[in-house]
Amino acid sequence: MSKQIKLFAVIALLALILAACAPAAAPATEAAPTEAAPTEAAPEETEAAPTEVAATEPAGTEEPTVAPTATFPPPVLTGGEGCDPAATKVTWFVGLGTGSQPNDVEKEKAWVDNYNKSQKEACVLLNVVFNQGQNSYDALRAMVAAGNAPDIVGPVGKAGRASFQGSWADITPLADAAGYDLSNYDPKLLDFTKDEGVLVGIPFALFPSFIFYNKKLFDEAELPYPPHKVGEKYDGKDWNLETFQDLAMKLTVDANGNDATSPDFDPANVTQFGFFEQWTDARGIGSLFGGGIPYDETTKKAVIPDSYVQAWKWYYDGIWKYHFMPNADYQNSDQFGKGNVFSSGNLAMSHVHTWYTCCFDNSALSWDIAVMPEINGKITAKLHGDTFAIMKDSKNQDVAFKVLSDMVVSPELAVIYGGIPAVEADRPAFFAAKDEAAAPNKIDWSVTEEMLKYPDLPNHEAWLPNLAQSNTLLGSFRTLMDTTPDLNLDDAIAKLKDDLDAAYAAAP
Amino acid sequence: MSAVNRAVLASERPRSGVSAYTRRQWGYGFLFLLPWLIGFFAFQLAPILFTIFLSFTDYTGNNEFKAGNFNIIGLANYKSLLVDPLALPSMGVTLKFALIGIPLGLIVPLFIALLVNSRRLMASSLFRTLFYLPTVIPVVAGTIIFNGVMNAQSGWLNLVLKGLGIADPPRWFTDPTWAGPALNLLTVWAVGNAFVILLAGLQSVPTELYEAATVDGAGPITRFFYITVPMISPVIFYNVTIGVILAFQFFVPALLIGGVSGNPQGSLLFFPMDFYREAFVFGHMGYASVLAVVIFVLTMAATGLIFYFGQRLVYYASGES
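These protein sequence lines are chains A and B, in that order. In terms of the numbering used here, the first sequence is numbered consecutively and its last residue is 515. In terms of the numbering used here, the second sequence is numbered consecutively and its last residue is 507.
If we strip away everything but chain A, and leave its shape as in the complex, we get:
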């Protein structure tokens, strides 16, 4: 008995030591860069750019998904130092999208300090709640319910706003009262900033999507880089879906060094993937094959666009049949960045938006960007647009609008959030700042402006009835594809349609 207990003690001790020293990963072809893990997150299934996510495993497939940190910074509330004593206090809440990472907060504080000293009308109080999934949403909801709603919230995308449907002030009368000329903006951009027909912000920053690629992995495979201009050939071939998939398969490598085109390829031991559709939901994936909206305004029913169905089937096969995309287990493994796959250095190409520059070490990784391939005879680069919104419960809407109108033209804020300024004249300064962050890499930023010409129409973040619930269903659908090897996709799509119908019917 004594020996057994000693044996147990030894085993238990070994187990504890093993747990403490858990191996980081299976062998990788390239050391993962030591970049800081991205920290921000939108709540699961509320696709809002640029946001990150707390949920970790299956939820890690939804936009934007980053492994959470075990501890996160406490909320920030500045005291309005340097304000004019007579200035009206305006609270600016950050947390529904990008902007709550510690390094962003310092820059935001600096912007607020400068702004408060630059004028006497408004005294901006910065309130940042680190976005670790749902917590920042909960914090804002508690503030609203308690009658302490902030005046300005942002940056925030459509999905983030949808979580507080009906809480946003109509900007148009505020702009009229302030004599602010909205006609300077492209009407399409203004439409993009409307929720259910109500203008809830001024266009601020655009986040086109494109292919981020890891140059080192291309060099190792001795493959040419993907095109930077629309119409360019790739290795003598049209830059279309077939070429793209073939390239992605060549860049997918198993532990024995076989690529995914090889009959000896082992999908159970992949060390490098060719492509990943990072941090988006099922609508984001669907828009690869063309814009669409899963809703028929006439019948008020769910209609899944053909382009979505095709894209989902291609995506699903890419994971489970051709293996050039990671499934959920790979996505969330240590080797592939625990959800932040491109940052791991073991992914060759990733389709994400401009804001993704927030979330990997821009200077340590050898990377550049390329245009989207042509699919079904057209190019589609899904687009995000974030803004700042004023809450309906704000007690100082006029002054808040004054601050908001200054924020949306601030080049400093555009750089912090990685969004291309809505005003074209501000873009060179923006790209210069991005170049500085990416050095020694020389990024071909012309790709971003090129991709702005091919937005997904209708947009994948377009309004749907009962948007928060609908987005939850669409997020879960992607997780289903990422986690289920033997899925009958047609049945799953039919079920999604039924679920969306039920959600639409339950819309208030």
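In case anyone wonders, no lab produced these hints; they're calculated from the structure. Mixed in with the good hints there might be a few duds.
The calculated PhoX-like cross-link candidates involving lysine-lysine, where the alpha carbons are at most 20 Å apart (straight line), are [to be verified]: (1) A:Lys399 with A:Lys385; (2) A:Lys222 with A:Lys449; (3) A:Lys201 with A:Lys399; (4) B:Lys252 with A:Lys402; (5) A:Lys127 with A:Lys116; (6) A:Lys399 with B:Lys282.
Starting from the known structure of chain A, arrange chain B on it as the hints suggest.
Same frame as chain A, but now just chain B:
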């Protein structure tokens, strides 16, 4: 007793029959209880009552809670419960978790406590510390660690299983069949509290009982079932009660791993998660309050049943049961 003393006592005795001394004692008692009472009313009772009130409204949480921002809608939210397609499945997830988790949460710490309580174990205080250690780690951090440990591709658990010859180990958090049990395993990691309480219970069992039983020829198993278990039955009862309450409230690790949809395929959509997402994701505060009331009632009922039936099985040395 002198006439003067009688007069003094009579003057301190009010007409109700309670003396001034007793009233003063009550006053002091109340004074000392006051901090707890304030906390109880402000942070326990008031929110419970407020939740019940909310369950009769259509408040969304998207506006300040004040008149005009919500309507009283009677039992409409309660009717919605009957047609909610997720209410029953999410309760099923919670019950399944409880059915595995409660026995596991008792047997594992009891087993560890028995081993650590052994006089033959070297460095028992070191083991006490080691087994308790996970409990002091925040649940979020622990969950994130386990998410890595149980990753099907790179987690060391599956690496060990593969090393043992299991070619196709479970995809713990991506296979709906395994996701729930995986969370049960996760909770076992932090059984430190139950372990410490059970260990204290074991150490309070009089050794002469064991000695007498040994003299009478009782083996270790007999001693365990006829001495140890009855003697620590109040502790076991306490742990089971707490286990049931915690199982009905289990939520945070599931949210961190499965997100608000309880992925994969709703296998981690616990009942409290359904409540949480209705309230804080969909903004259905009224209906979410109904779900909160249901959790409250079910937990109370389960606890009541445990007390009703369980108390009979508990042995109190003082002879209470």
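How the hints compare with the structure:
no.	hint	in the structure
1	A:Lys399 with A:Lys385	violated (41 Å)
2	A:Lys222 with A:Lys449	holds (11 Å)
3	A:Lys201 with A:Lys399	holds (15 Å)
4	B:Lys252 with A:Lys402	holds (15 Å)
5	A:Lys127 with A:Lys116	holds (18 Å)
6	A:Lys399 with B:Lys282	violated (44 Å)
Of the hints listed earlier, those the structure fails to meet are numbers 1, 6, in rising order.
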